[in-house]
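So the protein sequences, as listed, match chains U and X.
Just so it is clear: in the first sequence, position 3 is 3 by full-length UniProt numbering, and no numbers are missing.
Just so it is clear: in the second sequence, position 88 is 88 by full-length UniProt numbering, and no numbers are missing.
Just so you know, the hints here were simulated from the structure itself, not pulled from any lab data.
All values reported here derive from a predicted model rather than from experimental measurement.
Some hints could be false.
Identical copies carry no separate label here, and so any pair may be met within one copy or between two of them.
[Claimed, not checked] Subject to a maximum C-alpha distance of 27 Å in a straight line, what follows is the list of computed DSS-like cross-link-like pairs (lysine-lysine):
1. 27 to 111
2. 114 to 134
3. 61 to 167
4. 111 to 167
5. 2 to 27
6. 111 to 169
7. 115 to 2
8. 169 to 61
9. 115 to 167
10. 111 to 134
11. 134 to 36
12. 115 to 67
13. 61 to 214
14. 114 to 36
15. 67 to 167
16. 67 to 201
17. 201 to 2
18. 169 to 214
19. 214 to 111
20. 61 to 201
21. 134 to 167
22. 69 to 201
Number of protein chains: 2
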Amino acid sequence: MKHLADYLQEQLHVEIPAGMTLCNLGKGKARYAMYKVGPVLCVSHGMGVPSLSILLHELFKLLFHAKCKDVTIIRVGTSGGIGLDPGTVVVTEEALNTFLEPYYTQVILGKETKKPSVLDRGLAEAILGCSSPKDNFKTVLGKTMCANDFYEEQARLDGAVCTFTEKEKMDYLHELYAAGVRNIEMEAVAFAAMCHRVNIKGAVVCVTLVNRLKGDQVTATNEIMREYQRRPQRIVGRYIRQQLGLD
Amino acid sequence: MKHLADYLQEQLHVEIPAGMTLCNLGKGKARYAMYKVGPVLCVSHGMGVPSLSILLHELFKLLFHAKCKDVTIIRVGTSGGIGLDPGTVVVTEEALNTFLEPYYTQVILGKETKKPSVLDRGLAEAILGCSSPKDNFKTVLGKTMCANDFYEEQARLDGAVCTFTEKEKMDYLHELYAAGVRNIEMEAVAFAAMCHRVNIKGAVVCVTLVNRLKGDQVTATNEIMREYQRRPQRIVGRYIRQQLGLD
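So here's chain U without its partners, still in its complex pose (with noise of 0.2 Å):
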């Protein structure tokens, strides 16, 4: 999350007093680190639904007492993706459940509810168009699953337990190819969710370490997994700068 800040106070041309430098707002005690550069709050949500939805509850609670108007959230990070080359950046146009449907699902007071996981397909567009030509990488709209495991509901075979088959993990990774998913991550769906519920516009920005269609195993050095990962956060980036009018 620092590299994050430290790369949006660069971006975004925010001014630090001399011998001060950002600082974890969680003072690193707390579960989750934020950073607030310029106008941005950068945070992290840890790994899965309910951690996200901890960090979205606290969050929307705290703009709400911070009375910030139109806010925008943005979730950049990591995923596997389905036909496209490791390195790819999806932008989400659909979050889906693992039964491709466009819901978050809870069970409150005992009864299931589906809240519709709806994304703001403008700003997904106006994302996507922050990509470059120029880029060393493709950036593209597509559909996300979002699992609430690694290994059996994202159809891995190397977790410590398995019930499939190879054919049948290929064949659902084929199914879900053609159903237009091209990432699996484990947030999409309830990050959709919330962010429509309370009326603010969210967008899902991954980078694909992996191409499930030819295997699970990521290959990449080190190097080529950090530069990776930092090409969602200059495509967000790019977007902030134009937001600001700093373009």
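Starting from the known structure of chain U, arrange chain X on it as the hints suggest.
Showing chain X alone in chain U's frame:
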């Protein structure tokens, strides 16, 4: 996690070469922290089932390759209590989902699967037996409900959004109490099911920070909260000492 590791080092008389200290095997760059203290691994698991499930898959693989035998895994943590004084330690006798069923539900290759969330009864009773009449707190057996968020699924009214009334919340919490639920946390059902599936004995030992039947705000001071959080560690530390023949 470092605090637990240091505590167990002292309790288990684990010697460390002069001038050295316990080190985080995740090196601070990984998403989890891990310390090895003699025969005990202390590992953090993040918040919620998805984060825990990644950790357990990877831990099970590690234990397999390290040829570990007769492993026991104990989750220690915090929870919201139901009908118990804050600071009470609950040893989980049964882990339930938010429908109050003893199952961990996953969607694998698009199909719903339910895995029994069975904990080892003998282990729970042995840990319960490590409480002492001299303790300044009670340790009890009880059912634990595992929720996928902190606010709405746990019937809290103080999230960013809420769709039920104080009365509906209290009726629900009383229903949980009547069903034998004594605390709510966010990992137990997957923890139990995953340990059961690979035939590793598992236990969940959590302190309650609040009595939800009397209110949701934690009113204890930071110092008291820290002492509460050490209580499950004390009980589990005694159990490990006993198993190692140190008592």
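To see whether the hints hold, each was checked on the structure:
1. 27 to 111: Neither: 38 Å inside a copy, 42 Å across copies.
2. 114 to 134: Neither: 41 Å inside a copy, 48 Å across copies.
3. 61 to 167: between (46 Å within a copy, 23 Å between copies)
4. 111 to 167: between (36 Å within a copy, 16 Å between copies)
5. 2 to 27: Both ways: residue 2 and residue 27 sit 12 Å apart in one copy and 17 Å across, limit 27 Å.
6. 111 to 169: Cα proximity of residue 111 and residue 169: across copies only (13 Å, versus 32 Å in one copy).
7. 115 to 2: neither (32 Å within a copy, 39 Å between copies)
8. 169 to 61: between (41 Å within a copy, 21 Å between copies)
9. 115 to 167: For residue 115 and residue 167, the Cα distance is within 27 Å only across copies (23 Å; inside one copy 33 Å).
10. 111 to 134: Neither way: residue 111 and residue 134 sit 50 Å apart in one copy and 42 Å across, limit 27 Å.
11. 134 to 36: neither (30 Å within a copy, 48 Å between copies)
12. 115 to 67: Answer is within; shortest intra-copy Cα gap is 26 Å, inter-copy 45 Å.
13. 61 to 214: between (43 Å within a copy, 23 Å between copies)
14. 114 to 36: neither (33 Å within a copy, 42 Å between copies)
15. 67 to 167: The answer is neither: 53 Å in one copy and 30 Å across copies each exceed 27 Å.
16. 67 to 201: within (16 Å within a copy, 50 Å between copies)
17. 201 to 2: within (24 Å within a copy, 39 Å between copies)
18. 169 to 214: within (12 Å within a copy, 49 Å between copies)
19. 214 to 111: Answer is between; shortest inter-copy Cα gap is 23 Å, intra-copy 40 Å.
20. 61 to 201: within (16 Å within a copy, 40 Å between copies)
21. 134 to 167: Classified as neither: same-chain Cα gap 38 Å, cross-chain 59 Å, threshold 27 Å.
22. 69 to 201: within (11 Å within a copy, 51 Å between copies)
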